[in-house]
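Trainee: Listed below are the residues making up each chain.
There are 2 protein chains.
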Amino acid sequence: MKLYSYFRSSASFRVRIALNLKGLSYEYAAVHLVRNGGEQLAQTYRSIHADGLVPALEDDGQLLQQSLAIIEYLDEIHPQPPLLPGTPAGRAYARSLALQIACDIHPLNNLRVLKYLTGTLGVSDEARQQWYRHWVTTGFTSLEARLAADSRTGKLSCGDQPTLADLCLVPQVWNAQRFGIPLDAYPTIMRINDYAMTLDAFALAAPAKQPDAE
Amino acid sequence: MKLYSYFRSSASFRVRIALNLKGLSYEYAAVHLVRNGGEQLAQTYRSIHADGLVPALEDDGQLLQQSLAIIEYLDEIHPQPPLLPGTPAGRAYARSLALQIACDIHPLNNLRVLKYLTGTLGVSDEARQQWYRHWVTTGFTSLEARLAADSRTGKLSCGDQPTLADLCLVPQVWNAQRFGIPLDAYPTIMRINDYAMTLDAFALAAPAKQPDAE
Chain A
1 MKLYSYFRSS
11 ASFRVRIALN
21 LKGLSYEYAA
31 VHLVRNGGEQ
41 LAQTYRSIHA
51 DGLVPALEDD
61 GQLLQQSLAI
71 IEYLDEIHPQ
81 PPLLPGTPAG
91 RAYARSLALQ
101 IACDIHPLNN
111 LRVLKYLTGT
121 LGVSDEARQQ
131 WYRHWVTTGF
141 TSLEARLAAD
151 SRTGKLSCGD
161 QPTLADLCLV
171 PQVWNAQRFG
181 IPLDAYPTIM
191 RINDYAMTLD
201 AFALAAPAKQ
211 PDAE
Chain B
1 MKLYSYFRSS
11 ASFRVRIALN
21 LKGLSYEYAA
31 VHLVRNGGEQ
41 LAQTYRSIHA
51 DGLVPALEDD
61 GQLLQQSLAI
71 IEYLDEIHPQ
81 PPLLPGTPAG
91 RAYARSLALQ
101 IACDIHPLNN
111 LRVLKYLTGT
121 LGVSDEARQQ
131 WYRHWVTTGF
141 TSLEARLAAD
151 SRTGKLSCGD
161 QPTLADLCLV
171 PQVWNAQRFG
181 IPLDAYPTIM
191 RINDYAMTLD
201 AFALAAPAKQ
211 PDAE
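Chains as they are written, first to last, in the UniProt record's numbering: chain A, 1 to 214; chain B, 1 to 214.
Heads up, some of the hints might be wrong.
Partial list, computed: chain A residues near chain B (C-beta under 7 Å) [as the list claims (entries may be wrong)]:
id	residue
1	Leu68
2	Ile77
3	His78
4	Cys103
5	Gly119
6	Val123
Don't read these hints as lab results, they were simulated from the structure.
Idealized CB from N, CA, C, for every residue including glycine.
My request is simple: use the sequences and hints to build the entire structure.
Mentor: Structure follows, in structure tokens:
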């Protein structure tokens with residue numbers, strides 16, 4: 001397996017955790033999203049992923065994209081340990097937590113969107129930071145309420161074993177911290193994050209541990 | 001089953017198609033996203049979905065949210081007809097097409113984001129329309145290239161049977177048309193959309209056919 005990744009990309013971070021949890025070794029192909037005006041725009045990577053987005057996973061002659069689709073694929077071909085709960089309702093719950101991050105927070109705050117805000121719309125750095133904070137705060141407030149109220153919450157989002165929900169939560173927390181967002185208002189999220197980061201699969205997937213870390 | 005839906009919500013539209021394809025009857029609970037400053041913000045719906053977002057599905061005492069999680073749930077509890085291809089790689093491909101829309105296009109263009117652009121950032125209506133068009137164009141250009149090049153493309157996104165990919169594609173096309181985005185540059189997307197709309201499950205899920213349509 002070969003993972004096209006950028007150390008700071010939180011979508012790449014999700015897939016790195018999944019690969020670690022499954023105990024799968026893989027080749028790390030760094031695609032730098034900032035250097036040289038965006039190495040991901042280079043023709044070579046465009047032949048791998050037409051949009052120039054990371055991550056992409058090469059496996060068995062297939063080129064897969066979209067982090068959640070890649071993680072579901074890994075979970076299907078290497079079922080142990082499972083990354084989703086054992087019942088349809090449990091899986092729907094775990095997936096909904098993951099999608100709250102992957103659809104309702106992350107797409108609004110990724111690099112290409114922040115660039116559009118300052119570049120095309122000409123908003124100030126302060127307004128861009130407020131935009132970032134607004135979507136994290138909105139999303140985390142909802143997520144915190146769900147996690148704090150739900151009896152399924154354990155050491156992690158769905159019980160004590162890592163699920164797709166945690167694979168999205170931890171990189172989003174990392175990203176929010178990087179942008180200096182105060183996270184005191186989200187004690188359940190932070191408790192889950194801090195516990196997850198004691199596990200090797202999460203800790204070794206962190207941006208600072210990647211070969212392309214700066 | 002009870003579906004909390006808004007006729008114009010493209011995420012609700014996705015779930016309505018899934019329910020129709022599975023032949024499941026359901027109660028339609030309309031949640032109006034615009035009237036009275038957003039009926040979804042009313043306390044009653046907040047007890048169903050804390051974020052006030054649609055759709056939500058009530059089934060068997062469970063309250064499910066996030067359209068893709070709901071659709072995967074429906075596919076697990078009512079496997080026929082399947083909404084994903086039969087192989088892990090095929091499923092990853094269908095999910096990646098769906099997520100390209102659900103993560104890379106739709107979240108940037110939904111109501112709360114457009115409101116933030118004009119309300120909080122004070123961008124002009126024209127700049128808001130350009131924003132909308134930018135993300136549709138970026139996403140559809142990529143999707144068109146994938147669908148036009150992939151041998152799995154049939155009458156629909158993955159062969160001739162409806163999959164999760166089509167359940168996302170058709171509502172996104174509807175949404176783009178509503179905003180007056182020219183779609184001539186996406187002949188494969190439009191061919192798939194037009195064929196899908198000849199199928200009852202899609203046609204009857206369309207916004208204009210819903211009880212709360214205006």
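Trainee: Look at each hint and say if it fits the structure.
Mentor: Hint check:
1. Leu68: holds, 6 Å
2. Ile77: It holds, given that the least Cβ distance between isoleucine 77(A) and chain B is near 5 Å, below 7 Å.
3. His78: violated, 10 Å
4. Cys103: Holds. Min distance 5 Å.
5. Gly119: Not OK, violated: glycine 119(A) not within 7 Å of chain B, min 11 Å.
6. Val123: holds, 6 Å
Hint compliance for this structure: hints 3 and 5 are not met, and every other hint is.
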